[in-house]
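Read off the chains here:
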Amino acid sequence: MAEKVKVSIKVNGTVYEREVEPRLLLSDFIRHDLGLTGTHVGCEHGLCGACTVLVDGHSARSCTLFAVMVDGSEVTTVESLGTMDKMHPLQEAFQEKHALQCGFCTPGFLMTAVEYLQGNPNPTAEEAREAIDGNFCRCTGYENIVEAVQLAARKMASH
Amino acid sequence: MTESTISKSFKRNEDPRLLTGNSTYIDDIEIAGMLHVAIKRSDYAHARIIKIDVEEARKLPGVVAVYTAEDLGDYWRPGPLQVPPPTAIKGAKFNARPLECIAKHKIRFSGEPVAVVVAENRYIAEDALDLISLDIEQLPYIGDLEKALEPGAALVHEDLESNLAADVVQEVGSWEKAVSEADSVLKKRIVTNHVAGGAIENRGFVAQWDENLNILNCWATTQGPIPMRNSIARYLGLLENQVRLMNPAIGGGFGPKIMSSQIDDVIIPWIAIKLKRPIKWIEDRRENFLGTTSERDQIHYAEIAYKKDGTILGVKDVFYHNTGAYDPYGMTIPLNTQTHTISNYKIPNFYSQIKMVFTNQMVVTPVRGAGRSHGIFVMERLMDAVAKETGLDPVEIRRKNMLRAEDMPYRTGVIGQDFVENVLDSGDYPAALEKTFEAIEYEKFKQEIQPKLRAEGKHKGIGIVMFTEGTAVGPYEGAKVMVGVTGKVNVVCAYSNQGQGHYTTFAQIVANQLGVKVTDVNVVIGDSGQWQWGVGAFASRGITLVGTAIHQASVKVRVKALGIASKILSTPEEELELEDGVVRVADMPEKFVTLGDLAMQANPTRGTVEPGMEPGLEAAAYYGPPHGATGFGCLGMILDVDPETARVKIDRLVITDDCGTPVNPMIVDGQIHGGLQMGIGEAFYENLVYDEYGQLLTASFMDYLFPQASDMPAKFEIKHMVTPSPLNPLGIKGIGEAGAICVMPCFMQALEDALYENELSITQSFMSPSKLFHYVQSAKNA
Chain X
1 MAEKVKVSIK VNGTVYEREV EPRLLLSDFI RHDLGLTGTH VGCEHGLCGA CTVLVDGHSA
61 RSCTLFAVMV DGSEVTTVES LGTMDKMHPL QEAFQEKHAL QCGFCTPGFL MTAVEYLQGN
121 PNPTAEEARE AIDGNFCRCT GYENIVEAVQ LAARKMASH
Chain U
1 MTESTISKSF KRNEDPRLLT GNSTYIDDIE IAGMLHVAIK RSDYAHARII KIDVEEARKL
61 PGVVAVYTAE DLGDYWRPGP LQVPPPTAIK GAKFNARPLE CIAKHKIRFS GEPVAVVVAE
121 NRYIAEDALD LISLDIEQLP YIGDLEKALE PGAALVHEDL ESNLAADVVQ EVGSWEKAVS
181 EADSVLKKRI VTNHVAGGAI ENRGFVAQWD ENLNILNCWA TTQGPIPMRN SIARYLGLLE
241 NQVRLMNPAI GGGFGPKIMS SQIDDVIIPW IAIKLKRPIK WIEDRRENFL GTTSERDQIH
301 YAEIAYKKDG TILGVKDVFY HNTGAYDPYG MTIPLNTQTH TISNYKIPNF YSQIKMVFTN
361 QMVVTPVRGA GRSHGIFVME RLMDAVAKET GLDPVEIRRK NMLRAEDMPY RTGVIGQDFV
421 ENVLDSGDYP AALEKTFEAI EYEKFKQEIQ PKLRAEGKHK GIGIVMFTEG TAVGPYEGAK
481 VMVGVTGKVN VVCAYSNQGQ GHYTTFAQIV ANQLGVKVTD VNVVIGDSGQ WQWGVGAFAS
541 RGITLVGTAI HQASVKVRVK ALGIASKILS TPEEELELED GVVRVADMPE KFVTLGDLAM
601 QANPTRGTVE PGMEPGLEAA AYYGPPHGAT GFGCLGMILD VDPETARVKI DRLVITDDCG
661 TPVNPMIVDG QIHGGLQMGI GEAFYENLVY DEYGQLLTAS FMDYLFPQAS DMPAKFEIKH
721 MVTPSPLNPL GIKGIGEAGA ICVMPCFMQA LEDALYENEL SITQSFMSPS KLFHYVQSAK
781 NA
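Those sequence lines, one after another, are chains X and U. Each residue of the first sequence is one higher than the one before, starting from 1 at the first, in the working numbering. Each residue of the second sequence is one higher than the one before, starting from 1 at the first, in the working numbering.
Keep in mind the hints are simulated off the structure, nothing from the lab. Yeah, the Cβ is synthetic: ideal placement off N, Cα and C, and Gly gets one too. It is possible that some hints are incorrect.
As the list claims (entries may be wrong) - Lysine-lysine pairs mimicking PhoX-like chemistry, simulated, CA-CA at most 25 Å apart:
hint, chain 1, residue 1, chain 2, residue 2
1, X, K155, U, K11
2, X, K86, U, K517
3, X, K4, U, K59
Claimed, not checked - If you anchor each label on the Cβ, the simulated ranges turn out as follows:
hint, chain 1, residue 1, chain 2, residue 2, range
4, X, P121, U, P615, 56 to 62 Å
5, X, E17, U, K649, 19 to 25 Å
6, X, P121, U, S710, 20 to 26 Å
7, U, K556, X, E127, 50 to 56 Å
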């Protein structure tokens, strides 16, 4: 077993100093070392997008990054968005448009969309569809997710 | 009268928790002292085991234990069949070969478990897998369904005479008579594709043995918590209520999560008891592809006898069904195929034979659609073939042969997966056809738009197909509805939720009777510690079976509440109403008693007990239908095809669906969307491919193409019809599989229409872009 390495990673505003194995996946670090289980793992080979988080503001697959690779970086997960009592407009839009069923892929979609909407706050349906094209969902057929991203854009514009 | 909460699109109760990362899925469960399991799976498809050497693995620091079948001793035994043999069908032959949780003497598919490693963490457990070596004698791989039955073929189960798992014939009327009266008989070899369930969450299992309480706590992603609980108890020799099985949040099911008696639920509890430590196993994606179950693989030799005018006289279908290495799920899939082959049409003579075949492939059990789509594909393709031969339009031939509203209820004479005759309970099938026909502007497309496009050298084609969706089969489900002293209501059932919205729809059914807010009903699903009777989530049966049980229980609670309130308020029951969480006098709303107070009153104190008293403002109910309720619909698609690149774009997709009373129309639409997505994936992208040695070549999302957002049409255009089922008080039918079962034949019909110059006759349910390209090229050269 390789020697453990010290890392300092800021997650959702809190700095965590930990000793980790070099091979520890960022997804496992977030989920099992920090207990932030909102980030989900669906394929562990970077395809499904369920594990999407933001690293220094950009969406990334946490299952294909090692925790040591983001030493000194800032990671943002679904837990940073809203709470059950006060959801983020994007989360409200997902509920209103029935853009989730089992909810397992949802955090990945939310993190993808939250980044996307910062760059394009008023997407057309086609643009919104393109934006979420890298995330897999088996339940919804995507149509309601496209609509939710657009609704979220409108909600966020009026905030 | 309280306003109805049925047929309204309430926002989902479960969403805030799911959206904020606050749900607990199986891999989110952490227990102090927990150990982690990784499973060694065979790289060989068919082999005799000589030795499994685990010594090196045992020595690895951090490894706590390694087990093979030998280590299990007498505990190792093939699991019970999950679905019994089809005794209801005369002459049916069925060779039961239930799952072996871990290979002992022989490996029967690539991916079959051969050893289990328990370690301090998952990383170490996976390291140890590489240190296990297998000494085996390789045997010939059996993968071709037809060759598997040839004399001299290697045997998957050597104690059987052949690889035939089952042989079932069902005949209604006389095929011979149909042939003798027909003007023509047309024959096709039709193949349906092999696909995965593909839930985004893989399976998982956590077990914790509480030695002091003598209770085994289990958490599982199962779609059938009670059957799994019972199976675990039986294996371990425990009483049923010594095993508490809980469903955490589940990230999609789609069929394969129904299975029990697999390695996880057999071995993990055994390890937890043996090591006295909590044990967790989480399946990874590769394992999910290799070792979980899959479906669809059938080869049909189908014939149709018809008159010159397009009247269908009979259908004969002899088909091979791949069951994989074992057949624990009985004949559910091929029986569904039989019932769904003729179910939209009046076919007086029908002969259908199932030849179920053992192969060296992963076990085949239901995936969303579960045999329905195959029957529909066969029949719809036959209709199209007859349309071509007789010169009738595809819509016309369907109109001519369809069952009518006045034929309902219609007894098909075919025994279904629930072992009773398939009876189509209700519906107006022709109306569904006309609705889609109008909405997609079929006539205008064919007569005005398409000729113009063809003149411009463009290739757009239209397809239109019918389907039935057999749902809501028995045996039964049950539930209990309990009003608490806060006035909020708790519902417990032993179903399983993988995203269907039951936390909301079940609450709506309770609210409808008890006059409480939908958000004030807490629904508990799949916790055997709270409710012990039920079967599980399959065959689109939750909303109908559990929903009806909840409705009946709610009616009982309502009666109980009115009875107690009548005494308290000194008012006859018929003058009372339930609304806003209280029972009040209808024309004196200030005179009321809250449900919470009634719940208090329903728990008698000293000296107040009357004979025959049953405490609690609560009631349980069970519902088992005489036969399933059948939904139906019509799908139309317009495809834009580029024959040079084989790029296919779905221009329009219109579906008319009738699932009886929709409890929550928003959720119904969501189910249709998801089903359609799977259907589109199945027609154009998804394909499980085994090589000539039985290696699965598509065991990752790199190779198994998953339908993505840009593969879908811009809009799923949904038209609704509502024919309440006469079988249950709310008139509900299921909706889970509708979208998934109808796309393939429609897609192929539209492809043929788009590529009219090539005169294609597509007889396979999967036409990937590359396959389509080659198909077009070879048709050109023919």
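Going through the hints against the structure:
{"no.": "1", "hint": "K155(X) - K11(U)", "verdict": "holds, 17 Å"}
{"no.": "2", "hint": "K86(X) - K517(U)", "verdict": "holds, 20 Å"}
{"no.": "3", "hint": "K4(X) - K59(U)", "verdict": "holds, 22 Å"}
{"no.": "4", "hint": "P121(X) - P615(U): 56 to 62 Å", "verdict": "holds, 58 Å"}
{"no.": "5", "hint": "E17(X) - K649(U): 19 to 25 Å", "verdict": "violated, 52 Å"}
{"no.": "6", "hint": "P121(X) - S710(U): 20 to 26 Å", "verdict": "holds, 21 Å"}
{"no.": "7", "hint": "K556(U) - E127(X): 50 to 56 Å", "verdict": "holds, 53 Å"}
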